[in-house]
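A.B. asks: Line order of the protein sequences matches chains A and B. For the working numbering, add 12 to where a residue sits in the first sequence, where the first one is 1. For the working numbering, add 12 to where a residue sits in the second sequence, where the first one is 1.
Just so you know, these hints were derived from the structure itself, not from any lab. Given the structure is predicted, the values throughout are model-derived calculations rather than measurements. Do not rely on the hints blindly, as some may be mistaken.
The list makes no distinction among identical chains, and a pair is therefore deemed to hold if it is satisfied within one copy or across any two copies.
[Said to hold, decoys possible] Straight-line Cα separation of at most 30 Å, BS3-like style, residue types lysine-lysine; simulated pairs: (1) Lys-184 / Lys-358; (2) Lys-400 / Lys-272; (3) Lys-399 / Lys-18; (4) Lys-39 / Lys-272; (5) Lys-399 / Lys-39; (6) Lys-105 / Lys-78; (7) Lys-299 / Lys-399; (8) Lys-148 / Lys-399; (9) Lys-82 / Lys-323.
2 protein chains.
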Amino acid sequence: MVLEMKVMIMGMDGYLGWPLAMHLTMKGHVVCGIDNLSRRRRVAEIGSWSATPIKSPTERLVAFEKEFSKAIGFTFGDLRDVDFTFQVIDDFKPDAIVHLGEIISAPYSMIDVHHCNETMMNNIVSTNNILYAMHKFVPNCHLVKLGTMGEYGTPNIDIPEGFFEIEYHGRKDRLPFPRQAGSWYHQTKVHDTHNIIFACKIWELRSTDIMQGVVHGIRTEEMTSDELLTRFDFDEVWGTALNRFCAQAIIGHELTTYGKGGQTRGYIALRDSIQCLTIAIENPPEKGVYRTFNQFDECYSVIELADHVVKVCDELGTKANAWHIENPRVEAEEHYYNPDHYELYKLGFRPTNTLNDELRITLKELLRWKDRIEAKKNRILPTVYWKK
Amino acid sequence: MVLEMKVMIMGMDGYLGWPLAMHLTMKGHVVCGIDNLSRRRRVAEIGSWSATPIKSPTERLVAFEKEFSKAIGFTFGDLRDVDFTFQVIDDFKPDAIVHLGEIISAPYSMIDVHHCNETMMNNIVSTNNILYAMHKFVPNCHLVKLGTMGEYGTPNIDIPEGFFEIEYHGRKDRLPFPRQAGSWYHQTKVHDTHNIIFACKIWELRSTDIMQGVVHGIRTEEMTSDELLTRFDFDEVWGTALNRFCAQAIIGHELTTYGKGGQTRGYIALRDSIQCLTIAIENPPEKGVYRTFNQFDECYSVIELADHVVKVCDELGTKANAWHIENPRVEAEEHYYNPDHYELYKLGFRPTNTLNDELRITLKELLRWKDRIEAKKNRILPTVYWKK
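Only chain A is shown next, with the shape it has when bound in the complex (with noise of 0.2 Å):
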């Protein structure tokens, strides 16, 4: 029995946050949603749009409502300005706040100098402030921070959860794991990591960052109608592999494994992260503690998840082929990769589905709209490159 807890999330417009805010409504929590909505206006900087023609915040809200009789609270604003981020905090005083507000595509931090410093000050700004309005307003309130598998890089050695105790020289000691991110988008989720564990020594702060891997996946439980979809980006920018992979299957695209297609990383469905958030939010750590969660279920190379997809859509009727381009990053192709992920399975957490049942799933309901895939499909190769 998991007492009601009141909890605030940042970003609460994004792919994650409007699905966990549903979720934790349900499970009986008092949520209240943070957004500036920035990610809408960012993906149609680009060109580009989501597969799913999702509801405006207040339709979503109005939606939900109708449908559960329960409300969930939103305020829309910047997280970037002190005033606002100090204010909403203190009015709420969240026993647990989810940190989604961040830009957070790699190519879009690639575009150039400008979109660098934008993702940089954004994520960096934004947690500094949640940081400093916590210590002031509600010290033992519970930060869970979405960082990324992609802080750790692919060394050659396995990956624990965040910290690992080593021997050198003959001494020992626990230390933070050395972070090798492969973007400014990356690169600033390690500096929140870096951030954050200064801030929980000072001030003894709580703190949960989760590494999470790449989430794949459109539909949760709580979408019982088209008012209640979250967003799904499949464009060059904004769409990550398996979704885009998914997305160019719908439309007869070849799907754009990078290079040789052997980087490996950690997946997660997208209803299987929203458990992940709610374990973290109810097993909070003590005060002054921070703790890191490697948040996936199975790991696979690019070139794997092609074929998962192409295998799928045989069942389903649709040819699928997998094609190799130039690959846009600067990234090992080919690299050992062994993460640890015990913390969560020890919490509770069961993956639910299989990774071609989530695909079933995913690329049925994309089918649906397949027009509005087709509509972008020239936003879907590759045109921000890391070497320029």
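Given the structure of chain A, go ahead and fit chain B onto it with the hints provided.
C.D. replies: Chain B alone, transformed into the frame defined by chain A:
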């Protein structure tokens, strides 16, 4: 025989920037400096000033040219401005950029959320703008970036120079040494380090990242007249441990050691810092190489430093006393500390004076500016606390 190089010094108006500009020019290099004079404004902001009465940039440049018949270039501007940064780098086409143009005070960054964000943004954006400018206009240029030994914190193991070979779960890799910085300011240097490593990787830039110890001292050989003095800060915000102790001793103020005083750090004299930076500039790494130098001479605890100052003051007939006050910072006051510093020695670095010899020079010089220190003695005791 070193070839003449074009060196651009970002932050030329600062404590290190000005003596470095003079030294490089006297060695036959062509120097152009950039500064927005924000250090002068920020020191005034907290009600303090330099113990040495420094001249305006123009007066110093004129005095230097009159004295040595050599010119130093200078452009006023802000490195947070992308267009400005691109233009000055494209115009001058430097062989090396020495980046000293950051906000460098731990207490300043800890004043409040605004000073935290200001330090983060200033330092990260200026560095990113320089990296993009190098990539675009001078891809062979060598970035000599000032970091700090404070990036490493005080781990319970030896501190290598930037990277270490480790074995973990039976596999080996060479990884960046974990960073555990102790203030928002120090965190910005950690963020820069990660960003620069990434830029060198994707764009094949070359960079020397200087993890510098605490610099002390007041004189370098080019300061042949008072018009050519560099700044000397001694207040709680801008003054570092040893320089602050010297200023305190001069006005009969107790030497304020924070807490137990067992905090151990690497120290280097101003003249040796300039020697090291010159070595780094004149010995660039290969294209695409990011390297780290731990730049310090000897390690001392705070209480050892105070003892040295008391002893030298005795010789000079001034009575000084060490005093333990509440530590405004959150830091270990007794800890293991054993950082490597081989790389600069391999390239020829030889420390010039003993600590006591350097202290004699500093204390004698400061006696001339006793009235200026006395005038700001109310800005010596700490008012900025990490925990608040």
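A.B. asks: Now, for every hint given, state plainly whether the structure supports it.
C.D. replies: To see whether the hints hold, each was checked on the structure:
| no. | hint | result |
| --- | --- | --- |
| 1 | Lys-184 / Lys-358 | both (26 Å within a copy, 28 Å between copies) |
| 2 | Lys-400 / Lys-272 | within (20 Å within a copy, 52 Å between copies) |
| 3 | Lys-399 / Lys-18 | between (45 Å within a copy, 26 Å between copies) |
| 4 | Lys-39 / Lys-272 | neither (44 Å within a copy, 51 Å between copies) |
| 5 | Lys-399 / Lys-39 | neither (46 Å within a copy, 36 Å between copies) |
| 6 | Lys-105 / Lys-78 | within (27 Å within a copy, 64 Å between copies) |
| 7 | Lys-299 / Lys-399 | between (43 Å within a copy, 15 Å between copies) |
| 8 | Lys-148 / Lys-399 | between (43 Å within a copy, 11 Å between copies) |
| 9 | Lys-82 / Lys-323 | neither (40 Å within a copy, 73 Å between copies) |
Checked against the numbered hints above, the structure breaks hints 4, 5 and 9 and satisfies the rest.
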